[in-house]
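Chains P and E, in that order, are what the protein sequence lines are. For what it's worth, the working numbering labels the leading residue of the first sequence as 860, then goes sequentially. For what it's worth, the working numbering labels the leading residue of the second sequence as 860, then goes sequentially.
Note that these hints are calculated values from the structure, not bench results. There may be inaccurate statements among the hints.
Heads up, the list lumps identical chains together, so a pair's fine if it works in one copy or across two of them.
Said to hold, decoys possible - Derived SDA-like pairs (lysine to any residue); straight-line CA-CA distance at most 20 Å:
#1 LYS925 to ASN1161
#2 LYS925 to ALA973
#3 LYS995 to GLN957
#4 LYS1017 to SER1070
#5 LYS995 to ARG879
#6 LYS1239 to ASP899
#7 LYS1165 to ALA937
#8 LYS933 to ASN1161
Residues per chain are reported as follows:
2 protein chains.
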Amino acid sequence: MRVESDIYIDGQDALSAVLRYRKQGHSRWSEVPMEPLVNDRWWGEFELTQTGVYQYTLQAWVDPYKSWREVLTKKITAGQDVTLDRLTGAELIEKAAQHASGKARRLLGQFAVALRSDNTGGEDIVTDELAALMKKFPDRSREVSYDKVLSVEVDRKKAGFSAWYELFPRSCSGYPGKHGTLRDCETRLAYVASMGFDVLYLPPIHPIGHSFRKGKNNELSGNPDDVGSPWAIGSNEGGHKAIHPQLGTVEDFKRLIAKAKELGIEIALDIAFQCTPDHPYVKEHPEWFRKRPDGSIQYAENPPKKYQDIYPLDFETEHWQELWDELRSVFFFWCEQGMRLFRVDNPHTKPFPFWEWVIREVKAKYPDVLFLAEAFTRPKIMYRLAKLGFSQSYTYFAWRNTKAELTQYFTELTQTEVADFFRPNLWPNTPDILTEYLQTGGRPAFMTRLVLAATLGANYGIYGPAFESCENIPRERGSEEYLNSEKYEIRTWNFEDPASLREFIGRINRIRRANKALQNDRSLRFHDTDNEQLICFSKRTADRSNVILIVVNLDFRYTQSGWVNLTLEELGLNPTVPFQAHDLITDARYVWHGPRNYVALNPHTVPAHILRLGHEIPT
Amino acid sequence: MRVESDIYIDGQDALSAVLRYRKQGHSRWSEVPMEPLVNDRWWGEFELTQTGVYQYTLQAWVDPYKSWREVLTKKITAGQDVTLDRLTGAELIEKAAQHASGKARRLLGQFAVALRSDNTGGEDIVTDELAALMKKFPDRSREVSYDKVLSVEVDRKKAGFSAWYELFPRSCSGYPGKHGTLRDCETRLAYVASMGFDVLYLPPIHPIGHSFRKGKNNELSGNPDDVGSPWAIGSNEGGHKAIHPQLGTVEDFKRLIAKAKELGIEIALDIAFQCTPDHPYVKEHPEWFRKRPDGSIQYAENPPKKYQDIYPLDFETEHWQELWDELRSVFFFWCEQGMRLFRVDNPHTKPFPFWEWVIREVKAKYPDVLFLAEAFTRPKIMYRLAKLGFSQSYTYFAWRNTKAELTQYFTELTQTEVADFFRPNLWPNTPDILTEYLQTGGRPAFMTRLVLAATLGANYGIYGPAFESCENIPRERGSEEYLNSEKYEIRTWNFEDPASLREFIGRINRIRRANKALQNDRSLRFHDTDNEQLICFSKRTADRSNVILIVVNLDFRYTQSGWVNLTLEELGLNPTVPFQAHDLITDARYVWHGPRNYVALNPHTVPAHILRLGHEIPT
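Let the sequences and hints guide you as you build the complete structure.
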């Protein structure tokens, strides 16, 4: 954790400063010295070794010994008389000796005596050894403290690097129309693992309500056979702590968690705090819902849309404390079953203070829990949710298609203060979002968007198997909804389709795992190209031992070619020596010279390069 | 005073917000409504009508009526049933009516009744008249206040636009070697006024010490005849509240102030808080100075340099309160004589808290006093002094010569948050600073630097008559000191030299006065040129009725030509119509078409254009 601060004072006095830090809850502060950079900027750093919250602050003081030594050195250099200066110095050293003991005290005493008795300039006495001793017993009587205690939260590694796969368990039976179970879902884990994903995210697995249950394609009046939306939570079979009977039992779920773990996959659960009219809360706690003037419970509305199958919880009810406690107990319940990863549905429609409180409460008990915010809303709201505790957030990536849009947005996310609190998670599609780009671009568009998501973001995810099947038919023209959306019906997928993107996706995820450069967001840099359809960017490790250059053809129709212009020194390359560009997708190896290099990408074969750059690349 | 703020809330509720402001010391806040811009940004403004400090803050609240009206409108548009919504609205209106009286109360009551009884959609009832009434009686029960009260300080106009002329009164006798007086200085006022300056700044006018008095060219042991440095303040003839006897009396000084005022010139006094060993403070208050280990008073040092003629005051002495009170009384004394403008010498070598306190104290008694900080030090120290109260500050302008340097520095000063607290005052020379550029560039360099100072800065100044005489011989190679510096001897100037820049300077100052565009700093914009020696920038009034384009040849040796590239819309010009560029220096008029235009500037005639741009320029 590197900390920088402007530290200065009027006048000529020399300053010293320390960075102070501690794990939250500990009473003792640790200190590390800060060092000046340029222009009154100082820096210091401390190690973050555990998950949880660290606090830090600064202290700085006028350092009489440092001031004195600077002046003395200048005078000695100029050959000036320093008789009086030696006396001043001896006093400072004697004062320090009073705070020392043992050998240090004896040594300081000797230095002081020598300074008082020496008739030369004193340069032999004012040694680095003395400076080091004086640093141990500083005179901090003129010390000031920074008036804030800041904090930094440390999450486990998955918060910073993860590949998510969203799957509807009920579509896993393998038989058309047959409702899949959590046990069926187990059989698909190997498939998910083969593509290299390390998070399997399940839409809500709770009992689905019957009142106003939506039919296929979100039709208002469904048939009795319709399975309903998993986000319509709650029936007489239970609410947020129950499992939809057709999916199985809590024991099945725990088994799924364990089996997934064996394959390096973590399950993420969807938390959608909303109820159908059939949810047990409605009967047991009508006071947790808002009433209409006629006394009926207010259903969800976003005029002109009505959601009569959904009752929003009233977070500001007079009985809010009981409600909040109950919702906290939902997280606790699933944590007890082994869950550590939650995808939170629409957090921006619930109060900020609720999230701040509940995330803190959950993390206090289960420090390794992570929360992904599905807040498709205005930027400042998204950022606020990140600041108050969400570990990752969905982004506008799905709707950023052109080079200018992508460059502007990802520069904001990774190169501004936003990077200090907001961890983007990039999704080219979701069950709610089939973008126009995917609808019109077909297979090349899916490949392009996958490479962009997986390389622009250290965290990304896809809604599969719709994604690897290149499913791209909208419900109607102008809609981002899927036709025959899996949100409202069981789908049967052909997992063995030879046209599937499965192999390609697996390759991309293996490249991500093998290359540390792709496991961070902050090193992202965009590079000029002379073709608006070619976007070029790089990521690297801090030591530049792993440098990856990505070039993507944004045009899903035609081959695009052009010149990319690299800043070689920044990429750790010697501009006078040729270097190798190893395409990790196709395994092709190019020898490049200098900053300008030619590329051509055919969207109908592979629309992107992921190039490892270096003078010597291991084979 | 325009204020912007991010204002947002979780959920769907509509917000209202007000900007609250008051003059410091007043108890009642005034309120103006704030309006949303885009992306959760709101704005509001209030008028600054008096000098002094204004405080401001914000309040915002969830607005139930606004929320209700938005939802109702959407439902009506969608043709949905609003029976229940009408009841909710009626309740809100009845609640507002309880806070109203008279006609408003009656009207609100009628609206509520109509809503309750109406069987139509209600669109005829929810009128703008009702909205305006509801705005008068808002339900602010769910209001939050911004947790800070911010302040803005209003100075009189001279703080933002001024032209300074620095003159040594003792050089004003007109006879070689004869010590000039304040009465002699009076005779030079017409000369200063003829050049268009509105501030005459005098180096310290106090008695000069005798101990260790510096000789000509800063020699350590002067002759008895040497006049000494005006900054070596204090002798048995008095200290900071006395006038050097050879200059005259306090009455003479008051007369000078009055005569200057008749010519539109304000006198600025130099405040240098330091003492010679002969200053009355040394005898009367030895406790205000730091002691060396041998008991003698510590003189000023900046190793290897020693200033044995100067005793710095010890602002942190145990008796600091008496010292600070005395220094405040120095300001009060000169304010009583009519002074309202102080140039403060080396403020960065005195404590920040002293300046913060003394400036506040002086302004409390004399609200129209302005302080110019001569802080040639590190940028953050300069900015801090500006933040804590200085009205204007010297800058690094003297050492910014190339196009890149000037562009970078003045973009920082005028286009970043620095512009919120720091008012630059640009000096091409001072008695301490004869830059290498002026030393080597001769007359063209003086003209170039004058135009840059007078147009890049709304506030600027020159040290004359050295400037208009193009005096450019340094004391020695590599030094920025003048040979035979006026700091240490009386100089005789030829005010009637036909080679003087007097006429040119007068012309530039008249252009500044006649063109409001040049009277602000924030509108500064740099424009591309294709020649590194040609710098081009513009200033404009907010309404673009006055738009000035400046082009300067930075090469004092050769004619430079090239193309300047303007952003015409930003300059208020129609790109499809030719416009006039009227050179206010030479009175030449050019007709220009489109953004790219050709210029050529010969440094040996006039090295700059100051062009007024417009489609119709008054003749």
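How the hints compare with the structure:
no. : hint               : result
1   : LYS925 to ASN1161  : between (66 Å within a copy, 15 Å between copies)
2   : LYS925 to ALA973   : within (19 Å within a copy, 81 Å between copies)
3   : LYS995 to GLN957   : within (12 Å within a copy, 70 Å between copies)
4   : LYS1017 to SER1070 : neither (39 Å within a copy, 74 Å between copies)
5   : LYS995 to ARG879   : within (16 Å within a copy, 52 Å between copies)
6   : LYS1239 to ASP899  : between (32 Å within a copy, 7 Å between copies)
7   : LYS1165 to ALA937  : between (85 Å within a copy, 11 Å between copies)
8   : LYS933 to ASN1161  : between (74 Å within a copy, 9 Å between copies)
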